[in-house]
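Visitor: Chain by chain, the residues:
There are 2 protein chains.
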Amino acid sequence: MATIYDVAARAGVSPKTVSRVINHCATVKEETRQRVLDAIRALDYHPNAVAKSLKQQKTFNIGYVIPYGSDFVFRDPAQLEQIKGANDVLAASDYNLILSVPKSGRDALREVDSLLKHKNVDGLILYAMAGVEPLAREFEAKGLKYVSLGKCYPEQKYNFVEVEAPSGGYLGTRFLLNLGHREIAFLGEAPQFLEPDKESMISGCIRAYQEAGLEFPAQGVLPGDYSVECGYYAVERLLAKQPAPTAIFCASDPMAWGVLRALRERGLVPGKDIDVLGGDDLPLTQSLEPGLSAIHSKLYELGSLGAGILLECLRMEDEAAREIPGRYLQSELVVRQSTNGPTRDRA
Amino acid sequence: MATIYDVAARAGVSPKTVSRVINHCATVKEETRQRVLDAIRALDYHPNAVAKSLKQQKTFNIGYVIPYGSDFVFRDPAQLEQIKGANDVLAASDYNLILSVPKSGRDALREVDSLLKHKNVDGLILYAMAGVEPLAREFEAKGLKYVSLGKCYPEQKYNFVEVEAPSGGYLGTRFLLNLGHREIAFLGEAPQFLEPDKESMISGCIRAYQEAGLEFPAQGVLPGDYSVECGYYAVERLLAKQPAPTAIFCASDPMAWGVLRALRERGLVPGKDIDVLGGDDLPLTQSLEPGLSAIHSKLYELGSLGAGILLECLRMEDEAAREIPGRYLQSELVVRQSTNGPTRDRA
DNA sequence: TTGAAAGCGTTACCAG
DNA sequence: CTGGTAACGCTTTCAA
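Top line first, the protein sequences correspond to chains Z and A.
Throughout, my numbering is defined as the position within the first sequence, counted from one, plus 1072.
Throughout, my numbering is defined as the position within the second sequence, counted from one, plus 1072.
Among the hints, erroneous ones may be present.
[Said to hold, decoys possible] Each computed DSSO-like pair below joins lysine-lysine, with the alpha-carbon atoms no more than 30 Å apart:
hint: 1; chain 1: Z; residue 1: K1124; chain 2: A; residue 2: K1130
hint: 2; chain 1: Z; residue 1: K1214; chain 2: A; residue 2: K1124
hint: 3; chain 1: A; residue 1: K1088; chain 2: Z; residue 2: K1124
hint: 4; chain 1: A; residue 1: K1217; chain 2: Z; residue 2: K1127
hint: 5; chain 1: Z; residue 1: K1130; chain 2: A; residue 2: K1217
hint: 6; chain 1: A; residue 1: K1124; chain 2: A; residue 2: K1088
hint: 7; chain 1: A; residue 1: K1088; chain 2: A; residue 2: K1101
hint: 8; chain 1: Z; residue 1: K1101; chain 2: Z; residue 2: K1127
hint: 9; chain 1: A; residue 1: K1124; chain 2: A; residue 2: K1101
hint: 10; chain 1: Z; residue 1: K1214; chain 2: A; residue 2: K1127
hint: 11; chain 1: A; residue 1: K1217; chain 2: Z; residue 2: K1175
[To be verified] From the derived model, a few chain Z residues whose C-beta atoms are all more than 10 Å from chain A:
hint: 12; residue: G1084
hint: 13; residue: K1088
hint: 14; residue: I1170
hint: 15; residue: S1272
hint: 16; residue: R1279
hint: 17; residue: R1333
Everything labelled a hint here was simulated from the structure, so no lab data went into it.
Even glycine gets a Cβ: it sits at the ideal position worked out from N, Cα and C.
Based on the sequences and whatever the hints tell you, model everything.
Guide: Shown next as structure tokens:
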């Protein structure tokens, strides 16, 4: 492998001049520049990234840490939308994406250590979920630049991007109430996935009821784990409620898919016999026919914005970079065929 | 940040001795070893991976290259199973996983360049699909260690792991024929996804027909792009065939999901009115109720075995490492509720 | 506009 | 069993 010295020798200049040419920086006489470029081509020279890293104390690697086990990550389409967002931004930059997902959630700390301690990342994207606070605190203590997807602890003010779950719940519930629904069943988030004190989608649902002057049916809420199965198996219990729900609002799309399937099997047609509203509006949902109405959570943007902010951090000088105010992403309602209001003649 | 010199100074030894302790290699007197360990702890010292890389000409990074655009990758559960397999193996090793997925398929070469040329990976996992041959040839020319998931070109003998598609097609078709089906519709692979000359699932289906002494209904084959939509929209054309198919065999699970949905909407119950067989047996399929029968393709193993082979390569001496014979993964049939044979009284 | 030489933090050859 | 010292390949201060 040719080094910068080989190039310098062949071009009859010093390594420094070659370096200047490579980094298109300084003013190099056009003629020498050409000579150097020729030598580079002739030797098929490519600068060694590792050496450059050592010198510049910069690796051009960014770690994307999801401290929750690979089952959770690779089989959840919502996770993948976030990763995709970050990937696309980083692919357009000079940075590499090091994906750090422990096989099991219990190995999380060890994984992160290997990235941090050995300092072969310049910054981190950290997926936030219950239990992540110690990690975030460690990053802060060590002065490591990071941005979290979701808040890592309630008081976090900086360096995060978060989908505002309550506002999604509010939007969806208001919509269903306006359609005339009075018996809505909710398949919400499981407490163990939420940061303590994090406001859930449900709190937004409650607000919508209050605004409408109605009492929120707390007994109509079931916790869910975001999965298809969970939605599928929840239907029996949801339908058992008295009075029977005329609509089901799910905190995630996969749960809604499971609900749709279970309803069909019971001969109930979504959007006709009973309304269903999803909570992510994932690409797969968008390609389903007939369409599932959903709260569109900007998951792709969560990832891309997070990566963008981190890159910005890395460009800034150290001190200021620590404190980029957190950003909230608002959800939007996408109405498709699964929500048409309660069936009058069925009530 | 403390360096090895700081530790050496504090422990009153030379950097070399510290190095020895860190790498648990040489024989260091227990007492000095303890002194060094104390110093390491006291200074919160962590070896710098970049410096180590430079010295050892080894980065401990492995690139996972999918030269096909992030839409394709992050929204295809089958891709993700493969990545998960590789991730889990690498997570248990000392290597980091650098995920290299261009935003658009057209940027593929540029992406790979940045990894290769700057040599900050020790090896590559390359996902093979139509058009990947030049990349593989380049790796070989440069002596870069890689393993491909799928063959990159027909004559490839070494360094690949492949799911044997024809044998899956054979298994599934034989099963359906044995159930008594005579009118089977196939939703196969799209030619643009296949390496030229690669045997498709369909060739295995044909073999099953031949063995049964039946003629393969070539007009019953539709190409698919593996997606849910594709399956959903194909149903109309599949059902239009004369005589009407009693079973639909899909080359991928997502296509089968789309088919199931479209059938339900037409009031046809899978496994009763018409049989459906999927081609991947993805985790999501496994969690569906009632179950979709499917050819279980070992996608997770594809990724994990690929990563395992690459790690093995990296441990070997250069010359020999280039030629690890390719491995084929056999699929298995998983029978669930969607395949029960043709309905006699409907024929 | 260009170059000599030091240094980034390791590892490793060769002495002691 | 341990230590001086030269690499690894690049950047960069300072001087010419």
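Visitor: For each hint, tell me whether it holds in the structure or not.
Guide: Hints and how they fare:
Simply put, K1124/Z and K1130/A have alpha-carbon atoms about 14 Å apart, close enough for the 30 Å limit, and the pair holds. Distance restraint check for K1214/Z and K1124/A: the Cα-Cα separation of roughly 21 Å lies within the 30 Å cut-off, and the hinted pair is therefore satisfied. Restraint check for K1088/A and K1124/Z: satisfied, since their Cα atoms lie roughly 24 Å apart, inside the 30 Å limit. Pair hint K1217/A plus K1127/Z holds up; C-alpha atoms about 27 Å apart against a cutoff of 30 Å.
This hinted pair checks out: K1130/Z and K1217/A have alpha carbons roughly 26 Å apart, not beyond 30 Å. Under the criterion of a C-alpha separation no larger than 30 Å, the hint pairing K1124/A with K1088/A is consistent with the structure, at around 13 Å. As the CA atoms of K1088/A and K1101/A are separated by approximately 14 Å, the hinted pair is consistent with the 30 Å bound. For the given pair, K1101/Z sits about 26 Å from K1127/Z by alpha-carbon distance, which is consistent with the 30 Å threshold.
Straight-line distance between C-alpha atoms of K1124/A and K1101/A comes to about 24 Å, which keeps the hinted pair within the 30 Å bound. Annotation: proposed proximity of K1214/Z to K1127/A holds, straight-line Cα distance about 26 Å (limit 30 Å). Straight-line distance between C-alpha atoms of K1217/A and K1175/Z comes to about 25 Å, which keeps the hinted pair within the 30 Å bound. Taking the minimum C-beta to C-beta distance to chain A, about 24 Å, the non-interface status of G1084/Z holds against the 10 Å cut.
Non-interface status of K1088/Z relative to chain A is upheld: no Cβ of that chain comes within 10 Å, the nearest being about 19 Å off. Interface exclusion of I1170/Z from chain A breaks down, the closest Cβ pair being 5 Å apart, not more than 10 Å. At roughly 24 Å from the closest C-beta of chain A, the C-beta of S1272/Z stays outside 10 Å, upholding its exclusion from the interface. The Cβ of R1279/Z sits about 33 Å from the closest Cβ of chain A, beyond the 10 Å cut-off, so the non-interface label holds.
Not every C-beta of chain A lies more than 10 Å from that of R1333/Z, the closest at about 7 Å, which undercuts listing it as non-interface.
When each numbered hint is compared with the structure, violations occur for hints 14 and 17.
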